[in-house]
Amino acid sequence: MGKFMNHNQEDSKLYEELLNRVFELRRKEVEERKRFEIPIVLVERSGQKTMLRNFGEIAKIFRRDEKHLAKFLLRELATLGTIKDNVLIMNGIVSKEIIQRKVEEYAKLYVICKQCGQADTLLVKEGRYWFIRCEACGAKYPAK
1 MGKFMNHNQE DSKLYEELLN RVFELRRKEV EERKRFEIPI VLVERSGQKT MLRNFGEIAK
61 IFRRDEKHLA KFLLRELATL GTIKDNVLIM NGIVSKEIIQ RKVEEYAKLY VICKQCGQAD
121 TLLVKEGRYW FIRCEACGAK YPAK
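Using my numbering, the letters of the sequence shown correspond one by one to residues 1 to 144.
Quick caveat, the hints were computed from the structure, so don't treat them as lab data. Treat the hints with care, as some may be off.
In silico EDC-like pairs for lysine to aspartate or glutamate, Cα to Cα no more than 16 angstroms straight-line [stated by the list, open to error]:
#1 Lys114 - Asp85
#2 Lys144 - Glu126
#3 Lys84 - Glu44
#4 Lys144 - Glu76
#5 Lys140 - Asp120
#6 Lys102 - Glu76
Build out the structure end to end from the sequences listed, making use of the hints.
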């Protein structure tokens with residue numbers, strides 16, 4: 001019976017060590033996610049065109065397709081534009097402040113989870129519909 005008790009104590013110690021390791025890894029993941037910040041837009045004008053210079057970087061930080069982000073911004077800004085070399089080139093003059101506000105709006109609608117507030121989400125298409133799936137809390141809800 002003494003052997004049995006020692007075996008359980010060893011298992012218990014091992015279990016506790018593994019559990020502590022898992023909690024530590026999880027804590028680090030959560031800390032990394034909390035560091036999410038909406039990037040500041042880098043805007044440049046050339047004649048009657050406005051260029052969002054860090055467009056590709058913004059899409060990468062948001063973990064979203066450039067085409068989806070561009071479609072949203074162009075629709076919201078009521079202008080036409082193209083993506084070239086990770087730069088969104090928009091027809092017309094658009095202020096940096098308005099572009100920044102629209103990028104923040106995109107993040108609230110399509111990046112930040114409405115359940116837990118984390119930015120660890122994916123935009124997934126199922127059939128004809130788009131959903132936002134949170135990898136942090138597991139929530140899934142339709143995208144607008």
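Status of each hint after checking the structure:
no.	hint	result
1	Lys114 - Asp85	violated, 32 angstroms
2	Lys144 - Glu126	holds, 14 angstroms
3	Lys84 - Glu44	holds, 14 angstroms
4	Lys144 - Glu76	holds, 13 angstroms
5	Lys140 - Asp120	holds, 12 angstroms
6	Lys102 - Glu76	holds, 7 angstroms
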